[in-house]
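S.K.: The listed protein sequences derive, respectively, from chains A and B. The opening position of the first sequence corresponds to residue 4 in my numbering, with each subsequent residue numbered one higher. The opening position of the second sequence corresponds to residue 4 in my numbering, with each subsequent residue numbered one higher.
To be clear, the hints were calculated from the coordinates, so they are not data collected in a lab. Bear in mind that the values here come from a model prediction, so they are computed numbers and not experimental data. It cannot be assumed that every hint is accurate.
Since the list gives no way to pick one copy over another, a pair counts as held whenever it fits inside one copy or between any two copies.
[Claimed, not checked] In silico SDA-like cross-links for lysine to any residue, where the CA-CA straight-line distance does not exceed 25 angstroms:
#1 K280 - G97
#2 K139 - F116
#3 K139 - D120
#4 K76 - E179
#5 K47 - E326
#6 K280 - T150
#7 K139 - L312
#8 K129 - E310
#9 K129 - E179
#10 K139 - L91
Read off the chains here:
Protein chains: 2
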Amino acid sequence: MDHTAIIATNGQLATPYAKTAHGLIRGSSRYEILGVIDSPTAGKDAGEVLDGVHRAVPIFASLQAACAGLDRKPGNYIIGYAAPGGQLPEAYRGGIVEALEAGLTVVSGMHQFLSEDPEFAEAARKSGAAIYDVRKRKAPLHFWNGTVLSVGVPRLAVLGTDCAVGKRTTARILVETCLRHNLRAEFISTGQTGWLQGARHGFILDATLNDFVCGELEHAIVSAAAERALDLLVLEGQSALRHPAGPCGAEFIVSGGARAVILQHAPGRSHFEGYEKFGLRIPPVSEEIQLIRLLGAQTLAIALNGERLSPAALRKEQARLAEETGVPVVLPLEDGLDALVPQIRSFLSEEAAA
Amino acid sequence: MDHTAIIATNGQLATPYAKTAHGLIRGSSRYEILGVIDSPTAGKDAGEVLDGVHRAVPIFASLQAACAGLDRKPGNYIIGYAAPGGQLPEAYRGGIVEALEAGLTVVSGMHQFLSEDPEFAEAARKSGAAIYDVRKRKAPLHFWNGTVLSVGVPRLAVLGTDCAVGKRTTARILVETCLRHNLRAEFISTGQTGWLQGARHGFILDATLNDFVCGELEHAIVSAAAERALDLLVLEGQSALRHPAGPCGAEFIVSGGARAVILQHAPGRSHFEGYEKFGLRIPPVSEEIQLIRLLGAQTLAIALNGERLSPAALRKEQARLAEETGVPVVLPLEDGLDALVPQIRSFLSEEAAA
């Protein structure tokens, strides 16, 4: 199987709507990312567009330009778009047909299954190309049965105060940091991007029938813990506990048994991303910590996403939130998470003693 | 279409696992319930077995006995079983095949689709009978888009501290009570039993892909409010905010905009029903009220389910909880909900002023 891939973002690379692309540009063990198709940013490096870090992932204006500019023809064409509702924007259709005609496997995390779209199915049939719908239901699903209660490995969930705020990225940095400090940590992925990045344990929460969400979470935790000796499982949160379009997070604490939380927050955002016009404000972090406590977990740290803030303003928010909440506040992208290792170790000791 | 029906409970009528049957015995505008098949209780009246109230719903030992004993042959055979996981117990299979062979439409709320089961599909094909899987996904699903924010009709959610605790029944009694007091109330159903009972607005929450739960809830609210002038929408809650097998409830407040809650509780239960062996205790009601407040709603009343308690012990718990929480505590099955009408009116005034 060919694991090389090109990511299509259709002019949205520099927006939060391309968060699947952003995750893959940061790293994937499932796919080898050869480049990105995004005409407004063509010619630049995708890592530099993302966060100023050169990652040797060139951007092209079209699939044709990519095939001409790359040493190897990519095997997969990944839709790098992810947005509320999971419906494919019309503008992506032409590129998908072109990729299928060129024989690339189209990989999609949309709720709408591209393999069931008559135009795409026909293009795939003609060229012999495949369509892989990541969110398509895989049977049988697991129902929660309490086996997670016997898992001895402590769980920590990375929750957030909003969608697309950096939960997965912070979770990945945390796992890497733990490994560097000789703590055997494993990541439990709960979104399509985590799957595309090659996470070995997890499921796609938002594409799961509601009744099976907690059973699938339990199954992922139990499977990961059974596979090898571990010190910590890091659960990727979804949405936010009070997100109007779909609250989520209690599952990880109540059903997954996470007793610690890292709360991801973007102090530069006042309103839920994409819902500004409704005047829906993100609730205060201190109240969120109270809610997490009632659900059954302690907030070990607040991790900040610095978007829309100058470095100085971000540092000021960091100090202000630490003062207000009494909880350590960290900047994962700027400083890494090494500073949190003592808190993690102390949480692991508490859990071992419990 | 023939709306007459017989309910199969396979010996489980007197257990909480037959909660779909219990709801239908209490009342359905979608189906006319002619009888119940349940051999251990055969010969009795199903209403009397349920809660001591005669409802002229005879119980038979078998489908054959039912057809012989009834004036009319029922058109539908409804699986009256509902339990965590939604899988059909093996013991029901024989009865289903028999019903299909006799030409009855089999109606099922299982997650496992009976229409896709080879044995049932073959039996249906031979006799020409139909299989109706209530939980089968109906496209297209709605994603939350904020239209619910412009709905002027106040919403009240009936949440619970456990599963199968009486949320739907209390919601139905509340709607009837409001109607008697000239308050135009409408019920929003969120389970398969509500659908089977004939609710005109709602969806089946636990069979919905997670990402669409809040959009389907919004759609049901918006549709009901658009149809006719209303004073109150009563939302049927599911599960419990901290139920280990699948927390639920925040959706109604955060995404559905319910600003009031009636909290259904069974003081005779110490542990989550069905999870006693794990030692999972139901959290204190006062803490649940605090959690509901943080999510954005006030608890107007606590409604008690008297199971496992003598009438005197139940009254004692009623007084104790009212003292402890400062919230009115009512017994819907014993006393009705007329006593709550002043609280409802005062909530409606607050909402009108907001």
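S.K.: Could you work out which earlier hints the structure fails to respect and list their numbers in ascending sequence?
M.R.: 1, 4, 5, 7, 8 and 9
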